[in-house]
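Just need the whole structure built from these sequences, with the hints factored in.
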Amino acid sequence: MQYTSLILILPLLSFIILGLVDSKWEPKVAGTIGTAVLGIVTLLSYYTAWMYFSSADISGVYQRIIPFQLEWLRFTEHLHIELGILLDPISVLMLVVISTVSMMVHIYSLGYMKSEKGFERYYAFLSLFTFSMLGLVVATNIFQMYIFWELVGVSSYLLIGFYYTKPEAVAASKKAFIVTRFADLFFLIGILFLSFYTKTFDFGILTSGDATVFASAAGASFMGISLMNWAMALIFIGGAGKSAMFPLHIWLPDAMEGPTPVSALIHAATMVVAGVYLVARLFPVYDLYAPDVLHGIAYVGAFTSLFAAVIACVQTDIKRVLAFSTISQIGFMMVGLGVSGMGGHHGLGYMASMFHLFTHAMFKALLFLGAGSIIHAVHSNEMNNMGGLRKYMPVTHITFLIACLSIAGIPPFSGFFSKDEILSATFEFSPYLGATMSLIAGLTAFYMFRLYYGIFWGKENKQHHTPHESPFSMLLPLVFLAVVTLFVGFIPFGEFVTNDGAPYEIHLNRTVAVISVVIAVVSILLATVMYRKESTIPAKLGTTFAGLHKAASHRFYIDEVYMFITKKIIFKNISTPIAWFDRHVIDATMNGFAEVTQWTSVRIKGFQSGRVQQYAYVILLGAIMIAALVIFV
Amino acid sequence: MNFLSIFVLVPLLMMIALFFAKNRGQINFIAATGATILLILSGILTYLYLTERAAGNMAEMLFTADTVWYAPFNIHYSVGVDGVSVAMLALTSIIVFTGVFASWRIDPLPKEFFLWYCLLSIGVYGFFISIDLFTMFMYYEIALIPMYLLIGIWGTGKKEYAAMKLTLMLMGGSALLLGGILGIYYFSGAESMNILDIAQKTIPLSAQYYLFPLTFMGFGVLGALFPFHTWSPDGHASAPTAVSMLHAGVLMKLGGYGAFRVAMYLMPEAAHEMAWIFLILTGISVIYGAFSAVVQTDLKYINAYSSVSHCGLVLFAILMMNETAMTGAVLQMLSHGLMTALFFALIGMIYGRTHTRLITQMGGLMKVLPFLGVSYVIAGLASLGLPGLSGFVAEMTIFVGSFQETDMFHRVLTIVAASSIVITAVYILRVVGKILYGKIQDPHHEELTDATWWERISVVTLIIAIVALGSLPLWISNMIHDSLIPVVNNLMR
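Residue numbers (my numbering), protein chains in the order written: chain P, 2 to 634; chain B, 51 to 543.
No lab work stands behind these hints: they were computed from the structure. Keep in mind the model is a prediction, meaning the values are calculated, not measured. Do not rely on the hints blindly, as some may be mistaken.
Here chain P is said to cover these stretches of chain B; the calculated rule only asks that three of the stretch's residues, wherever they fall, bring their Cβ under 8 angstroms from a Cβ of chain P [as the list claims (entries may be wrong)]:
#: 1; region: 324-334
#: 2; region: 467-480
#: 3; region: 523-537
Quick list of in silico lysine to aspartate or glutamate cross-link-like pairs, DMTMM-like style, CA-CA up to 25 angstroms [what the hints assert, rightly or not]:
#: 4; chain 1: P; residue 1: K200; chain 2: B; residue 2: E455
#: 5; chain 1: B; residue 1: K489; chain 2: P; residue 2: E117
#: 6; chain 1: P; residue 1: K29; chain 2: P; residue 2: E470
Don't be surprised by glycine CBs; every beta carbon is placed ideally from N, CA and C.
Written as structure tokens, this is what we have:
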């Protein structure tokens with residue numbers, strides 16, 4: 002399976018070529034090259050998946066295959082970074098997810114970004130992102146993952162700031178990069194701890210469950226907490242930054258300043274689930290050596306999920322609603338991982354989490370691309386400027402509805418299956434947590450249908466021109482993803498992806514399924530009553546719960562807290578004083594030396610006046626003094 | 051004639067040729083040809099070195115030569131290189147080459163400028179090839195003196211003040227250094243000032259206790275060790291482009307190079323005892339420099355403080371005293387040299403167009419200067435440690451290496467130093483966001499023209515080097531690592 006290296010090499014080449022030619026070629030050519038290259042990559046990924054799942058199954062367990070690996074940098078005898086490709090169920094799954102969504106986004110952008118300046122640059126960055134993201138998921142060792150982790154971070158930065166003349170976009174890109182960089186610092190320290198005690202970066206050795214690897218780490222502790230807990234918690238913080246977990250979520254809503262297809266690809270389907278992937282990748286280590294951290298992850302996920310869902314209910318910018326919904330859904334995936342155990346039925350949460358990652362990537366990409374189609378038509382992100390669009394944009398309307406039903410968890414749409422399994426795993430772990438997650442699922446259905454009705458139903462807004470359906474290149478991805486969303490739920494996912502590699506047959510948990518469907522339907526009905534036609538209920542509710550409403554609209558003031566920390570504390574109270582200290586104390590001391598020297602020399606230069614009489618006078622004085630000394634002492 | 055001495059000879063010949071140059075065309079031709087020859091020579095040297103090593107030559111220094119220079123004091127002209135010096139020579143050649151193209155239109159007095167520029171190069175090359183303490187010191191001084199004139203005459207702003215300050219502070223450092231070197235020679239009881247000979251001897255611990263700080267601080271001043279770094283912001287801000295490039299790119303590396311080649315290698319016992327003091331100082335440099343850079347508004351000041359932070363990391367890693375961290379230190383010297391030269395080159399080019407270096411007066415330059423803008427972003431990304439560019443390789447080697455020291459003190463310091471990667475991101479993105487993105491601030495900037503061909507040569511060469519070091523680091527890292535083994539063995543003694 003040597004050819005898998007092409008999956009990485011081709012997008013990289015595409016990035017380099019498109020980056021170097023910049024605007025010398027016709028925009029169309031650049032777009033075609035980028036899309037064509039990605040087409041090949043997608044086919045290769047599908048072929049790899051096919052080959053892998055049909056041949057890697059040895060005595061009922063999927064093997065790990067490393068078709069390609071080379072040494073990149075050597076630190077010490079044990080610690081060296083390899084760049085390679087690791088194929089196992091989750092990496093193959095991610096290959097399929099990333100290449101599919103990326104392919105759709107490439108095609109979609111041909112229409113959506115058509116008239117934009119910097120079309121070539123856009124495709125170059127998309128290629129860079131695809132390369133980095135694919136490199137991240139096939140990483141054979143944690144340091145390779147960190148390398149590509151940083152690369153996806155920078156591609157995200159570049160794409161969020163694509164409209165670089167727009168101050169909001171520039172600020173958002175900066176914020177995204179710095180917040181994730183801050184989280185990555187913890188990730189790095191976690192890697193340092195983990196690798197120092199286990200003497201390896203390699204995922205194969207780390208997840209083998211070999212107790213000798215962890216022997217020296219198991220004994221060590223710091224501040225009363227075992228070292229493995231520290232290391233794995235630090236690594237999780239890195240994942241939480243990328244996956245926008247509370248309180249590191251603040252960059253994601255702002256990242257919506259980027260072009261909408263980018264939001265679909267990076268900030269909904271692929272990069273933001275990197276944190277989930279990271280935890281899944283290291284799952285055996287979490288399960289065996291840091292179970293407390295794993296449970297912590299479940300609670301962080303649940304809280305984030307609730308928090309984001311509440312905010313999503315009151316946002317009016319459609320992309321922001323979707324952004325908070327993404328945060329909330331990633332919370333679901335984290336919960337799935339956090340409540341999971343190892344193997345068989347215990348591993349249900351893990352399987353469900355990966356399943357949800359897969360289905361969510363599809364329907365959330367669909368939602369974002371649909372949103373892009375709407376924005377393309379009405380030239381606004383604000384729900385207030387929309388309404389009644391179902392007549393003008395039938396394809397967008399139907400595909401958007403399918404995605405909404407899927408995320409709301411209505412059978413037989415894909416989101417139902419994956420969410421249901423997360424809920425059943427959660428109920429087995431803790432009924433309270435299960436109940437909370439069910440409630441959040443209800444909120445999800447509610448805010449998604451609020452969004453849906455707000456856009457496609459309700460009062461028609463006067464537009465400058467009649468909204469029109471989008472071009473074919475944009476509708477094709479919508480239809481494709483809608484079809485995927487319709488059928489993907491029936492994949493017997495446990496046959497392919499489990500945390501011990503052994504296939505596992507899933508059974509629908511009927512009780513949980515019935516409960517969650519009832520909750521979803523009730524929530525949708527509620528949304529229908531409140532938002533399908535103009536109604537005074539939302540406004541009334543808004544005044545009844547004025548405090549909550551205001552806080553949620555302001556995203557619970559987390560951004561303000563960050564602004565306070567960065568602007569007031571770091572900028573005003575750390576950096577400025579340090580810079581002042583440097584100029585007025587350290588440098589002034591150095592200048593002081595110079596001044597003292599100068600002062601001294603000014604004082605004593607009188608001795609070197611060159612006047613002979615003065616010299617004679619001093620000599621005489623000296624002679625008298627010496628004579629006096631000789632005589633009197 | 052020894053191969054290494056050609057590195058000193060070429061700039062000397064350039065100087066002679068420059069005397070006869072009549073116009074700017076000839077001057078530029080001589081400078082460019084000489085610099086190209088130097089670049090090719092260092093390529094050849096690297097190749098020869100690697101083949102020699104591959105052939106199994108395990109001598110500590112290769113291509114050695116030794117001539118008695120001043121017999122009464124046993125001063126020899128002895129040269130030789132190991133992997134570290136080979137890497138530093140390659141760095142020097144790249145910076146000298148790109149510096150020539152960055153000063154293609156230097157004004158006034160181009161001839162005199164390049165004369166001093168060549169003298170400066172002689173000093174730097176000579177320093178890296180020397181293995182005799184005295185010769186080394188002599189070349190060190192040769193490199194310092196031209197700086198005064200280069201800044202004083204061709205500089206901008208408060209140039210006389212800056213030139214004076216820089217020279218005096220560095221001279222102060224070299225005064226400490228001279229004391230240290232002479233002390234090392236006398237107390238070691240060696241027959242010559244050859245570093246390899248002295249390394250065989252043991253200097254009494256009581257003497258090491260004051261010789262080590264003298265030497266380390268002497269070199270540390272040049273390596274921008276806190277609190278002796280204040281020459282750097284003023285000096286760089288006033289220096290002409292090529293001088294900033296050469297000074298921050300190579301000359302500051304003399305500090306790091308000397309610190310381990312002389313201070314650590316020859317006085318391992320004191321290094322062990324006293325490392326903690328300097329570790330704290332360098333740790334402060336790393337964070338302090340980064341935080342200071344966050345609030346600066348002058349591009350050159352930002353870069354100067356960023357250099358304090360990055361060079362602090364060099365000395366920091368050297369003091370960790372294990373192979374990995376020290377390899378990281380050398381990689382960081384290379385990486386910082388290339389990055390900062392690129393930064394100063396670009397700042398010079400932008401300043402040449404906008405006539406301001408204040409970030410508050412610029413904006414949206416990406417639109418009018420796409421080439422320079424993209425290059426600036428690449429330099430910035432290298433500086434904040436993006437994988438695939440040189441900074442990442444160096445920093446990660448340093449952090450992994452430092453983490454091999456198990457006690458709490460080293461651990462905490464390492465984590466503190468590592469946190470600089472976040473602050474670096476803050477000040478780099480702040481600058482990029484302010485000057486390149488957004489709307490054009492000054493209507494005059496609409497008319498600006500992008501880089502000329504000589505500027506492109508300079509910038510592209512540096513970017514290629516940064517990418518090469520960052521994406522294929524294995525061979526150079528191994529070359530450096532193997533050469534550091536004798537040093538580390540000496541430290542373990």
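- Message: Check the structure against each numbered hint from earlier and tell me which ones fail, lowest number first.
- Response: Violated: hint 1 alone.
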